[in-house]
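Listed in order, the protein sequences are those of chains A and B.
Numbering of the first sequence is given in full-length UniProt numbering, commencing with residue 1 and proceeding in unit increments.
Numbering of the second sequence is given in full-length UniProt numbering, commencing with residue 1 and proceeding in unit increments.
It should be emphasised that the hints constitute simulated quantities derived from the structure, not laboratory data.
Facing chain A, from chain B, some residues (calculated, C-beta under 8 Å): (1) V207; (2) A210; (3) I221; (4) Y223; (5) R224.
Just so you know, even glycine gets a beta-carbon here, dropped at the ideal spot from N, CA and C.
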Amino acid sequence: MSQTLLETDGLTVRFGGHVAVDAVSCAFRAGELTAIVGPNGAGKTTYFNLISGQIAASAGRVRLMGEDVTRLSVAERCRRGLGRAFQLTNLFPDLSVLENVRLVIQARHRKGFNLLSMASGHAEITTAAMAVLERVRLSDRRDHKVSELSHGNQRKLEVAMLIALDPMVYMFDEPTAGMSVDEAPVVLDLIAELKHDSDRTILLVEHKMDVIRTLADRIIVLHNGALAADGAPAEVMASDVVQEAYMGKALEDV
Amino acid sequence: MLVNLISGDTPRSAVLTVLLLIVLVCLAGAPFLFPGVRSLETAATICIFILLVASYDLLLGYTGIVSFAHTMFFGLGAYGVALASIHIGRGWGALIVGSLSGAVAAAALALIIGLFSLRVRAIFFAMITLAVASAVAVLVSQLFNITGGEDGLTYLIPRELTPAFRMGELFGVRVNGRVLNYYLIFVACLALFLLLLRIVNSPFGRVLQAIRENDFRAEAIGYRVVWYRTAATCLSAAIAALAGALYAIWLRYVGPDTTLSFEIMLDILLMVVIGGMGTMYGAVLGAVIFVLAQNYLQNLMGVAAEATEALPILPLFLDPNRWLLWLGLLFILSVYFFPTGIVGRLRSGR
Ligand SMILES: Nc1ncnc2c1ncn2[C@@H]1O[C@H](COP(=O)(O)OP(=O)(O)OP(=O)(O)O)[C@@H](O)[C@H]1O
Ligand SMILES: [Mg+2]
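Model the full structure from these sequences, guided by the hints.
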């Protein structure tokens, strides 16, 4: 069996009395794409926040490539190979598209504390950034300010930022949300391409069942913050728990 | 080559280019273009404030950090030169030792303040700088046997930098040590300004801008935001101290009101905002306009008041003693019409 890259062990967070993520234990292996599903408010984004460190866990551990990173900062986890794209677009609005991606590549190359060279002089960083923009079909927008981009293009850039980071663990949080039908395939094809790299692992929060069916090797279901199901797509999708958890909203409304 | 010198940061506006060139030529030729003690005084002040404001903009405009301690760092450099000149004795060595120890002390103090408070929220940093700056100002006035208290300190600088050192005539202007002193300041300020321009256009400068835009994401792509903020604070403090050292070399006097006062802190803020935040060229225009207004608005108003003497009310408003009122008005108008500063306006506008 392939190597475990990321593991959460009893990961829990409470906000006041509300348990948003409830003792989730799960291991993610290299070469695997895991879809994370669950109704709105199930705790998917919060689970991501705990893994990447934006929120401190109330209990439990996060292990990245065998090492405990529960107490490490967001930046530190990122430098060790954890990459995250956000559900709500989260970019550098006043900088150009190219500059946004360059910043990621520059971080990866550890050039941030270079004070005396010209940023524009680092051709290798620009070239790498352009290659990423090429892949998300944004290279013609390179000099546009991010705040001037359409919503769909901002979502693409959000994905480009994660790809530029070239992490060991990719975390996508509803990458195609709000994209038009002709924009979404670009992103989904890219994620499919990333799967070829068999030493990485991909976590994908997604609501669209057809997307999950084509991309996922495995599905985990979160319901009220707890792990409700975990297994191969066909099997999980057919199970009662998914029918209930995923359609949960409809049931709860009754 | 030239583009390299300004780190590829071209003015990106024809009008701005012309204005900057005018400023450069006027400052470079000041002793010959505008002979006279008063105008040389103004030119040197402009050079020093351009540097001081630019170093503040590294924090405020580029990194998005509000600090009220900039005059404290400015003062550290100035007192460094004064104390070194007094205790080591008149000489070039004292100037160098004083400047460098002022800069190192400023950076060290900034490091402590930064590590202590930048982890927390940005507003906390602003409050801490305010507290520390006030404490230092009180300390300086209390420790009068070291600092001269409110009276400040006077000291001797190398003879080559004083009016007593005569070197003959050039272009019909008597060249003396004062002119040499001016060029020392001009060249040092220009070099440090170009250094700042390089820093903001370096990979480090890009990270600072990213932090200003979205510190949350900067952290998420692997930048240790606190380290960068702290480094920017230290750099800004060290350069402010060097500006202070130059001011002390120029004035041959330091005192709380020339270097440490809260008024100067407000002036710096105004200059950054008038010129345009987040661009080094904004510091140039902001400082030039402000210092000129500060020095000549009163004269101008005196002339205007005399000219309108016959008219009712008007002379009252033009009374030279009302110059601060007009300066305030100038500020409000400029912020109202150019919310992005003059440089922002020139770059976006047609
Ligand atoms: N910082 C916080 N403070 C308090 N409550 C929070 C916080 N973050 C999340 N929550 C709560 O935790 C629960 C889970 O939210 P979360 O955003 O993780 O859901 P989600 O599964 O990502 O939903 P969606 O599909 O809508 O994105 C919600 O009830 C939310 O209100
Ligand atoms: Mg979510």
